[in-house]
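Quick note, the sequences are listed as chains A and B, same order. According to our numbering, the first sequence is numbered sequentially starting from 15. According to our numbering, the second sequence is numbered sequentially starting from 1422.
Simulated from the structure, these hints should not be mistaken for laboratory data. Since the model is a prediction, treat every value here as computed from it, not as a measurement. No residue lacks a Cβ here, since even glycine has one placed at the ideal position from N, Cα and C. Treat the hints loosely; a few may be bogus.
What the hints assert, rightly or not - Heads up, incomplete: computed chain A residues facing chain B, CB under 8 Å, no partners named:
{"#": "1", "residue": "17"}
{"#": "2", "residue": "46"}
{"#": "3", "residue": "60"}
{"#": "4", "residue": "65"}
{"#": "5", "residue": "103"}
{"#": "6", "residue": "108"}
{"#": "7", "residue": "110"}
{"#": "8", "residue": "113"}
{"#": "9", "residue": "114"}
{"#": "10", "residue": "116"}
{"#": "11", "residue": "118"}
{"#": "12", "residue": "120"}
Stated by the list, open to error - Ranges of calculated distance between the beta carbons of each label pair, as one might list FRET restraints:
{"#": "13", "chain 1": "A", "residue 1": "27", "chain 2": "B", "residue 2": "1518", "range": "28 to 34 Å"}
{"#": "14", "chain 1": "A", "residue 1": "17", "chain 2": "B", "residue 2": "1507", "range": "21 to 27 Å"}
{"#": "15", "chain 1": "A", "residue 1": "97", "chain 2": "B", "residue 2": "1494", "range": "30 to 36 Å"}
{"#": "16", "chain 1": "B", "residue 1": "1424", "chain 2": "A", "residue 2": "74", "range": "16 to 22 Å"}
{"#": "17", "chain 1": "B", "residue 1": "1507", "chain 2": "A", "residue 2": "85", "range": "31 to 37 Å"}
Stated by the list, open to error - Simulated pairs of lysine to aspartate or glutamate, DMTMM-like, Cα-Cα distance not exceeding 25 Å:
{"#": "18", "chain 1": "A", "residue 1": "70", "chain 2": "A", "residue 2": "98"}
{"#": "19", "chain 1": "A", "residue 1": "66", "chain 2": "B", "residue 2": "1459"}
{"#": "20", "chain 1": "B", "residue 1": "1430", "chain 2": "A", "residue 2": "56"}
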Amino acid sequence: GDSVTQMEGPVTLSEEAFLTINCTYTATGYPSLFWYVQYPGEGLQLLLKATKADDKGSNKGFEATYRKETTSFHLEKGSVQVSDSAVYFCALSGVPGSARQLTFGSGTQLTVLP
Amino acid sequence: NAGVTQTPKFQVLKTGQSMTLQCAQDMNHEYMSWYRQDPGMGLRLIHYSVGAGITDQGEVPNGYNVSRSTTEDFPLRLLSAAPSQTSVYFCASGQTGIAFFGQGTRLTVV
Chain A
15 GDSVTQMEGP VTLSEEAFLT INCTYTATGY PSLFWYVQYP GEGLQLLLKA TKADDKGSNK
75 GFEATYRKET TSFHLEKGSV QVSDSAVYFC ALSGVPGSAR QLTFGSGTQL TVLP
Chain B
1422 NAGVTQTPKF QVLKTGQSMT LQCAQDMNHE YMSWYRQDPG MGLRLIHYSV GAGITDQGEV
1482 PNGYNVSRST TEDFPLRLLS AAPSQTSVYF CASGQTGIAF FGQGTRLTVV
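With the sequences and hints as input, model every part of the structure.
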């Protein structure tokens, strides 16, 4: 079945540092890929998504590129802020073009220090 | 803009008790789903529905029942709670390409 493997945390960075959170996946066909963010005490919010190979999703300075050849969707940000501290989840949907029946990675806790 | 609303936010149950976790959405989404979140395991799909009267099982359906009588509501029922069902439960609804999550219900079974 489908699976998502995500970089283990926790990750601690200083403000303005470069962020990479690795995500690789296993799926048949052409899944849609997502990054969700969870702030303390809240539900998950969509951060960005990509629906086909070589698509780049971007939002709030975060980027991730759908790499089918390496089955990866790594999250990057050039300069993190304290407000980016949260848990980040990589996810896929095996239903093309949708966000249905999501399979999630285990999550990466990010803490950004001032 | 309510979005996806879950009640209650917190609940403690004794083993063997039953309860219903409520989920309502006001975005007229056909698709709704329930996930549970456990430490180190991300979120796992329990049940989902593609429209009123239609439900199906996800990855971890055992011990849970659902029904979908209206587009807006998708309750999750625990018939006989077990300590293994201690978790945080999230309801989500979606349209093409985007899933919207509620704020979660933290359930403890003692």
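Now the hints, each set against the structure:
1. 17: 10 Å, violated
2. 46: Because about 7 Å separates residue 46 of chain A from the closest Cβ in chain B, which is inside the 8 Å limit, the hint holds.
3. 60: 6 Å, holds
4. 65: 7 Å, holds
5. 103: 6 Å, holds
6. 108: Violated - the Cβ of residue 108 of chain A stays beyond 8 Å from chain B, reaching only about 11 Å at its closest.
7. 110: 10 Å, violated
8. 113: At 4 Å from the nearest chain B Cβ, residue 113 of chain A passes the 8 Å test, so the hint holds.
9. 114: With Cβ-Cβ at 6 Å, under 8 Å, it holds.
10. 116: 6 Å, holds
11. 118: 4 Å, holds
12. 120: 5 Å, holds
13. A/27 - B/1518: 28 to 34 Å: 30 Å, holds
14. A/17 - B/1507: 21 to 27 Å: 24 Å, holds
15. A/97 - B/1494: 30 to 36 Å: 34 Å, holds
16. B/1424 - A/74: 16 to 22 Å: Because 19 Å falls inside the window, the suggested range holds.
17. B/1507 - A/85: 31 to 37 Å: Hint holds: Cβ distance 33 Å, inside 31 to 37 Å.
18. A/70 - A/98: Holds, because 20 Å separates the two Cα atoms, which is no more than 25 Å.
19. A/66 - B/1459: 30 Å, violated
20. B/1430 - A/56: Roughly 11 Å between the alpha carbons, so the hint for residue 1430 of chain B and residue 56 of chain A holds.
Hints 1, 6, 7, 19 from the earlier list are contradicted by this structure; the remaining hints agree with it.
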